[in-house]
Amino acid sequence: MGLVGPNGAGKTTLMRILAGIYPIQKGKIKYNKSKSNNLSSISEMELRSVVGHMPEQVRWQGKTTVKRALEDIAEMRGVAFRVDGILTMVGLSEMKDSELDQLSQGMRQRLTLATALLGSPKILLLDEPFNGLDPVAIRAFEKLLNELAMKGVSIIISSHRVAGMVHIVDRLALLHKGQLLIEGTLKDIESEFELDNRIEIQGPGKMPNFEKIITDSNSILQSQHTELGWTVVVRDKDDNLLNKLVSSNIKINTWKSKDTDIVEMICSATGLELEEIGFNVVSSTMMPYKTRGEEE
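Quick note, the sequence shown lines up with residues 1 to 296 if you use our numbering.
Check the hints yourself; a few may be wrong.
No farther apart than 30 Å at their CA atoms in a straight line, the calculated lysine-lysine pairs in the BS3-like style are these [stated by the list, open to error]: (1) Lys206 x Lys151; (2) Lys96 x Lys177; (3) Lys244 x Lys258; (4) Lys26 x Lys122; (5) Lys256 x Lys244; (6) Lys206 x Lys177; (7) Lys122 x Lys67; (8) Lys96 x Lys187; (9) Lys151 x Lys187; (10) Lys63 x Lys26; (11) Lys28 x Lys63; (12) Lys258 x Lys187; (13) Lys177 x Lys212; (14) Lys187 x Lys256; (15) Lys151 x Lys26; (16) Lys212 x Lys244; (17) Lys151 x Lys177; (18) Lys212 x Lys143; (19) Lys206 x Lys187; (20) Lys151 x Lys30; (21) Lys212 x Lys258; (22) Lys28 x Lys151; (23) Lys251 x Lys206; (24) Lys143 x Lys67; (25) Lys28 x Lys187.
I should point out that these hints are in silico values taken from the structure, not numbers from a laboratory. Note that this is a predicted model, so its numbers are computed, not measured.
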């Protein structure tokens, strides 16, 4: 599950509550059909075996070896020693005798994940796990997460790297100002905010007058014009739309389905503009759009 929302939405706070670090002020947490107003009321040993928490920032430094550091943490947490197996699982077996100061950022992230895996937790809470990783390291990390999910581990990821989350999450939870706005599969959320069944059309020259061709003005969702040409996104309601455009002598360079965009989902859910959200996205991939409920 991907946990997403603007800066200050409460993602890290929720992670810490689920990890038992912060007490619950209101509401209930339900795990395995049992409710608790404080996860700490579950025995510490059970909590440690259920939840593994990977915090946003961990500073690994010093002359201690990777294996020794992990053994020390396992001893402090009172969980069974499975250090060698975990190091192999996260791809650090060959680095187990290396000093912490010698680790790259990607290796440090793997070590942080290894600490979260101590005790074979059923739930992993990952807060910004991709921070500081290059594209190659991100891909390797995603592969590792997929392997863990295939083994039955439930994973909750909070990340500003929303563009890449589409390919690794099954469900999304959108947070804003401490409130859960919506939770569900990508398709469910797309449908809720009318972001499904969209076609992106690109062509050269000036922006055509689509309103004369598309009778339902609500079908035009996005539009953009640059010196290189025009781009529009329409809802695919008319099976004959392509024929209508061609018969109107409108030149078309590309016609393709519009991919899922989590940033658009968040903007639609919160009413915020792209600049207000604070995500790391490629601005050239975004176009102006109408937020949910906005009128012309």
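A quick look at each hint next to the structure:
no., hint, verdict
1, Lys206 x Lys151, "53 Å, violated"
2, Lys96 x Lys177, "42 Å, violated"
3, Lys244 x Lys258, "20 Å, holds"
4, Lys26 x Lys122, "25 Å, holds"
5, Lys256 x Lys244, "16 Å, holds"
6, Lys206 x Lys177, "41 Å, violated"
7, Lys122 x Lys67, "23 Å, holds"
8, Lys96 x Lys187, "42 Å, violated"
9, Lys151 x Lys187, "24 Å, holds"
10, Lys63 x Lys26, "43 Å, violated"
11, Lys28 x Lys63, "43 Å, violated"
12, Lys258 x Lys187, "13 Å, holds"
13, Lys177 x Lys212, "41 Å, violated"
14, Lys187 x Lys256, "18 Å, holds"
15, Lys151 x Lys26, "33 Å, violated"
16, Lys212 x Lys244, "10 Å, holds"
17, Lys151 x Lys177, "34 Å, violated"
18, Lys212 x Lys143, "48 Å, violated"
19, Lys206 x Lys187, "34 Å, violated"
20, Lys151 x Lys30, "23 Å, holds"
21, Lys212 x Lys258, "23 Å, holds"
22, Lys28 x Lys151, "28 Å, holds"
23, Lys251 x Lys206, "10 Å, holds"
24, Lys143 x Lys67, "23 Å, holds"
25, Lys28 x Lys187, "28 Å, holds"
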